[in-house]
Amino acid sequence: MVQARVASQVVPWTSGWVVPRTLETPPDPEPETEESEDEEALLDVALDRLRGSGPDAHQVWLPPLDEPSPLDALLPGIAPDKERGLTASRWPGTGKLRVPVGLVDKPFEQRRDPLVVDLAGAGGHVAVAGGSQSGKSTVARTLIAALALTHTPAEVQFYCLDFGGGGLSQLAALPHVGGVAARLNPERVHRTVAEVMTLLARREQFFVDHTLDSMQSYRRRRAAGEFPDEPFGDVFMVVDGWSTVRQDYDDLIPKFNELAARGLNYGIHLLITTTRWVELSAQVRDQAATRLELRMGDPMDSEIDTRKARSVPRTGGRGITADSKMHFLAGLPRLDGSGSLEDLGEGVAHLVGEISRHWSGPAAPQVRMLPHRLPVSELPSPEATEGGGMRLALGLDQDALEPVWHDFSRTPHLIAVGDTESGKTNLLRLITQGITARYAPEEAKIIAVDYRRTLVDAIPEEYRIGHVISLDNLNETIEGAARAMKTRVPRADISPARMRRCDWWTGPRLFVLVDDYDMVSSNSFQSPFEPLFEHLTLGYEMGLHLVVARSAMGAGRGLSDGLIRRLDEANNPAVLLSCPPTEGRLFGNAKPLNLPPGRALHIQRRKPRLVQTALVE
Numbered sequence: 001m002v003q004a005r006v007a008s009q010v011v012p013w014t015s016g017w018v019v020p021r022t023l024e025t026p027p028d029p030e031p032e033t034e035e036s037e038d039e040e041a042l043l044d045v046a047l048d049r050l051r052g053s054g055p056d057a058h059q060v061w062l063p064p065l066d067e068p069s070p071l072d073a074l075l076p077g078i079a080p081d082k083e084r085g086l087t088a089s090r091w092p093g094t095g096k097l098r099v100p101v102g103l104v105d106k107p108f109e110q111r112r113d114p115l116v117v118d119l120a121g122a123g124g125h126v127a128v129a130g131g132s133q134s135g136k137s138t139v140a141r142t143l144i145a146a147l148a149l150t151h152t153p154a155e156v157q158f159y160c161l162d163f164g165g166g167g168l169s170q171l172a173a174l175p176h177v178g179g180v181a182a183r184l185n186p187e188r189v190h191r192t193v194a195e196v197m198t199l200l201a202r203r204e205q206f207f208v209d210h211t212l213d214s215m216q217s218y219r220r221r222r223a224a225g226e227f228p229d230e231p232f233g234d235v236f237m238v239v240d241g242w243s244t245v246r247q248d249y250d251d252l253i254p255k256f257n258e259l260a261a262r263g264l265n266y267g268i269h270l271l272i273t274t275t276r277w278v279e280l281s282a283q284v285r286d287q288a289a290t291r292l293e294l295r296m297g298d299p300m301d302s303e304i305d306t307r308k309a310r311s312v313p314r315t316g317g318r319g320i321t322a323d324s325k326m327h328f329l330a331g332l333p334r335l336d337g338s339g340s341l342e343d344l345g346e347g348v349a350h351l352v353g354e355i356s357r358h359w360s361g362p363a364a365p366q367v368r369m370l371p372h373r374l375p376v377s378e379l380p381s382p383e384a385t386e387g388g389g390m391r392l393a394l395g396l397d398q399d400a401l402e403p404v405w406h407d408f409s410r411t412p413h414l415i416a417v418g419d420t421e422s423g424k425t426n427l428l429r430l431i432t433q434g435i436t437a438r439y440a441p442e443e444a445k446i447i448a449v450d451y452r453r454t455l456v457d458a459i460p461e462e463y464r465i466g467h468v469i470s471l472d473n474l475n476e477t478i479e480g481a482a483r484a485m486k487t488r489v490p491r492a493d494i495s496p497a498r499m500r501r502c503d504w505w506t507g508p509r510l511f512v513l514v515d516d517y518d519m520v521s522s523n524s525f526q527s528p529f530e531p532l533f534e535h536l537t538l539g540y541e542m543g544l545h546l547v548v549a550r551s552a553m554g555a556g557r558g559l560s561d562g563l564i565r566r567l568d569e570a571n572n573p574a575v576l577l578s579c580p581p582t583e584g585r586l587f588g589n590a591k592p593l594n595l596p597p598g599r600a601l602h603i604q605r606r607k608p609r610l611v612q613t614a615l616v617e
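Residues 1 to 617 (the numbering used here) make up the sequence shown, in order.
Hints may contain errors.
[Said to hold, decoys possible] Between beta-carbon pairs, the in silico distance windows are: (1) L341 - M300: 26 to 36 Å; (2) A182 - P362: 17 to 27 Å; (3) A182 - E386: 40 to 50 Å.
FYI, nobody ran anything at the bench for these hints, they're computed from the structure.
Glycine included, every Cβ here is placed at the ideal spot set by N, Cα and C.
Take the sequences, apply the hints, and build the full model.
Right, dumping it as structure tokens:
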């Protein structure tokens, strides 16, 4: 029985392939589920009611920081207001110099916050640094536009130097902008800076006169209507491209240093962009407490963190914050909800148009320019000074647009140098007109050294005692004048008071006007004016005044002439009209310039200033 059972389990053996025996097991029966249409219906209803009824789930990983935010996304509640124009009504910093300029990425906190700059206090000066195409100009425009959307043109004004490619010029039509000057317009550049410097000096005196202890007091009292005649609020001097200042306008750097040192006390701010922090002057860099660092051309130039500066993407507007060293993305100066850079120009034009359209009040005071044509009737009349002297207005200066006076009682002589048709003879005519307006014929006489005969017709005959047209005539005339001056040499008993009163001699004052002096000096080895040399120092006290005009050609060599050298050494002013720069520095350290007719450098005590001389018609 057992053997039979075992034998039945033995598999027959063979050397060929045998299919293995498998035991088939029946599959487990599927559990029967009871379908409930009621449960599915209840779940759908619950989901429908929960959907949209609460905040979204917290997003742990934020999208890449690659699309900049427009200002209408950074500033809430932008809408027209009857008093403030187009303004961000719901922004808490409106009117307080506190504005957003971008977004800060905070990955550990899993959120992004506005990048806010506070310019009301110690952080009032702003410096933006970044390499080429890093977005410096865009950041500057965003900051200006943000301030314009949160302040009226009476509260903030901007005066801009656009050295960064024309970006700031798009904002020129804003009512908050008083002027934009480009690199190729040096006259407007200097006038823009001079306007802000004039405001600094005037506001300093204004604070003293009105017992103002701080800019906060000025803002508060002005907002209350206490100073209705003051058109300026907080003024921003904007320089987009500091490297151009260093290369082409290095004479302005001391003025920017002064604005950096004293400006914030009187509500004058600097906004400067630069490619490297080390390019800024020490004074500007130290005083710029608000710093925005974009992607640097060389991360080693970073003043925040050289290691983290390497991680800043090469994308316009990206940078790292100075305090937390977090990445940020600057906003865009546009109000159309777009974050595109492709049509940023159109977006800026739309922003400017909207702000201008909703503002009906007075705009920021514009930069005043020196006129290219200044009639003498627009200047004050000659003034009398002690001892029978004369104070004559020659023109307007560039810095303050105020009259430039030549006081013959303090500096008895004057030198003029200029090219042909630059205004030398006109200047002599202007002085002639001043003499005849100030003195009667018996009080003043004129000797005209006028080889070309272009000046003599402007001198009335009753004032003219000599018209020199040749060297022989000149020698005779000057020797006669020297003999007359010898009778006026002060005696030893003349007191200092009498010296200023000039009361020990009688007779008219003598004015010697020399046109084209280079024609006179080139024809003689010895100066024909040598008989007068000993009397030049006491010219005012003895009633002797020389006004010498010469050509710019060879002016550098001409300074060694005996007469010109003595007049210059006695610290008499010089009027340097248009002159080739190849002549080298003249009258101390003045660099000649190619200037339009009538425009000149007035050099007094070795300090040049640009002036427009008056035109005698």
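How the hints compare with the structure:
Checked against the given bound of 26 to 36 Å, the beta carbons of L341 and M300, roughly 28 Å apart, stay inside it. Between A182 and P362 the Cβ separation comes to about 25 Å, which falls inside the hinted range of 17 to 27 Å. Between A182 and E386, the C-beta spacing of about 47 Å keeps the proposed range 40 to 50 Å intact.
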